[in-house]
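K.L.:
Sequences listed follow chains A and B, in order. First residue of the first sequence: 1, per our numbering; consecutive thereafter. First residue of the second sequence: 125, per our numbering; consecutive thereafter.
Among these hints, one or two may not hold up.
[Stated by the list, open to error] Here are the simulated lysine to aspartate or glutamate pairs, DMTMM-like style, with alpha carbons at most 25 Å apart:
hint, chain 1, residue 1, chain 2, residue 2
1, A, K104, B, D158
2, A, K104, B, D175
3, B, K228, B, D175
4, B, K228, A, D51
5, B, K228, A, D32
6, B, K215, B, D193
7, A, K91, A, D34
8, B, K228, A, D34
9, A, K91, A, D51
10, A, K104, B, D156
11, B, K215, B, D235
Hints were generated in silico from the structure; no laboratory data involved.
These are the residues of each chain, in order.
Number of protein chains: 2
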Amino acid sequence: MTPAPTGPINTLTAFDSIRDHWQPRRLTSVNDYDVKIAKVQGEFVWHTHPDTDELFLVVAGELTIQLRDRDVVLGPNDVFVVPRGVEHCPKADAETSIVMFEPKGTINTGDTRNERTVSVRELH
Amino acid sequence: MTPAPTGPINTLTAFDSIRDHWQPRRLTSVNDYDVKIAKVQGEFVWHTHPDTDELFLVVAGELTIQLRDRDVVLGPNDVFVVPRGVEHCPKADAETSIVMFEPKGTINTGDTRNERTVSVRELH
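Isolated chain A, as found in the complex (with noise of 0.2 Å):
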């Protein structure tokens, strides 16, 4: 059973207590789905979620998903699905608040394990 929560939960102060990169924090859920929210700035992992879509929104900057034959560039409001089993690795140049939707327990970095893999944490 998910508790009630008692208010609204905006995204954009959300983002204003985190300070480091690519530390993803539950916004809330959704039954056993997470919404987390990252800052992101350089680049990630090259990985793949064999069992799992992953659905990336952009709120603010720009956020570079790399797939093995093309870029897919996310602007601010933009949502992109990578499709489970498709390889990828995340950029972006400059800071980029973004937020993610995928099962509770996905791996940030999927099939790989490395120092960037991390869990996820409560937002406060």
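Based on the hints, put chain B in the right spot on chain A.
P.N.:
Frame of chain A, contents of chain B only:
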């Protein structure tokens, strides 16, 4: 298998093509969940989703989610999750653009069936 999308979708532009109210369109999908968008104005109908949480994100305007014990008012960039089993009735005094996230097949009026009950449509 989710088909590979060809490029990003801009959520703001997507709303431009919508003229009617309370008629959700599928923006994209993540596994067996739909990201839906709708323009809303006026009062919807009291209903409950017994088996699923429902996420609301306001993009423009103001949405009041009436609960039986209180109102939750969402402005732009505010997110609120109505937990499963919680009776609610959205309303908006002026036209408001919202994003919803819920499992495919979720009925917009939940356990209530009336003239507001519609299937999600494709965006284009």
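K.L.:
If a hint holds in the structure, say so; if it does not, say that too.
P.N.:
Against the structure, the hints come out as follows:
no. : hint              : in the structure
1   : A:K104 <-> B:D158 : holds (17 Å)
2   : A:K104 <-> B:D175 : holds (18 Å)
3   : B:K228 <-> B:D175 : holds (12 Å)
4   : B:K228 <-> A:D51  : holds (18 Å)
5   : B:K228 <-> A:D32  : holds (14 Å)
6   : B:K215 <-> B:D193 : holds (15 Å)
7   : A:K91 <-> A:D34   : holds (22 Å)
8   : B:K228 <-> A:D34  : holds (17 Å)
9   : A:K91 <-> A:D51   : holds (22 Å)
10  : A:K104 <-> B:D156 : holds (14 Å)
11  : B:K215 <-> B:D235 : holds (18 Å)
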